[in-house]
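Engineer: Residue numbering for the sequence shown follows our numbering, starting at 224 and increasing by one per position.
Because the hints were derived from the structure by calculation, they are not lab data.
Incorrect hints may appear among the rest.
Said to hold, decoys possible - With a straight-line cut-off of 20 Å between C-alpha atoms, the simulated DMTMM-like cross-links for lysine to aspartate or glutamate are: (1) K394 / D507; (2) K370 / E480; (3) K398 / E518.
From a predicted model like this one, the values you see are computed outputs, not experimental measurements.
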Amino acid sequence: MFIGIGLFFFFMCFKYTRILMIIYYIWIAYDNMVNKTPIYGRRSEFVRNMYLWKLVRDYFPIRLHKSANLDGDKQYLFGFHPHGIVSISANITFAANALSISKTFPGVNIRLATIPINFWVPFWREYILLIGYCDCDRKAITTIYKKTKHSTMIVIGGANESNYSNPGVYKIILKRRKGFVKIALKNGISLVPVLNFGEVDIFDQIQHEGFNKINKYLKDYLGFRFPTFYGRLKLWIPYSKPINIVTGVPIDCPKIEKPTDEEIQKYLDLYIAELQRIWNENKDKYAKNRKTELELVE
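Construct all of the structure, not just a fragment, from the sequences and the given hints.
Structural biologist: In structure tokens, the structure reads:
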């Protein structure tokens, strides 16, 4: 993202490329607002299957484990937990095809959702579109379910959850995140909890009150946070730690045009229970060095 912003302003500094950047940004606005590409997509199987993603997969390594098969004729809403710092494993597993997700769940076309501002960042937006990302706005997700056969994956805790990310610490934001359940009920979409073990271990985070205040402001008003983390050599290079991703048993949701608060809470509770089951059955295999149990902090 920051590289995309930097490149754009770099080219804006030169007379002969400035006009190209202006035209490019006008096209971005047209592509987002008229073509609605962040909703309908522009995914490239060539980009998704690049060998680079397999190298990243093997660096940690990242492994995928499923609790149940999925019906290729149905649509699903996957919830990914916890966010970690940058959700590398979600990108490699569900956006890229490094773990052969299309073979693990044949017929299920999963698109990873991200915040709308990402589709306005020059150059960066082209990458996330080619690898298959979609807009996480509620209306956009609803349109995807109504007008395409795609499924979506949302990192439920979002960037705010990254504030809790530290090695061995499994704190997730979920108790008040009911919007995704409402979407599932209004569209009759099955919910699939996904829990990763190890994403929190690949970076350390700088703990400083000043940084935290700046990041809260950035997230609240601009939709992103400044990276305050480090890995190998004190740089933004992740530690080589194993990441194991476990997909849960789908929770079938009836189609309810106007779900009540009680109905939404009922299916959120079922979702949390399935997430807890995944944790209880796998924590001693994949989170041996954990410092906390799975904790719903918000």
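Engineer: Which of the listed hints are not met by the structure?
Structural biologist: none
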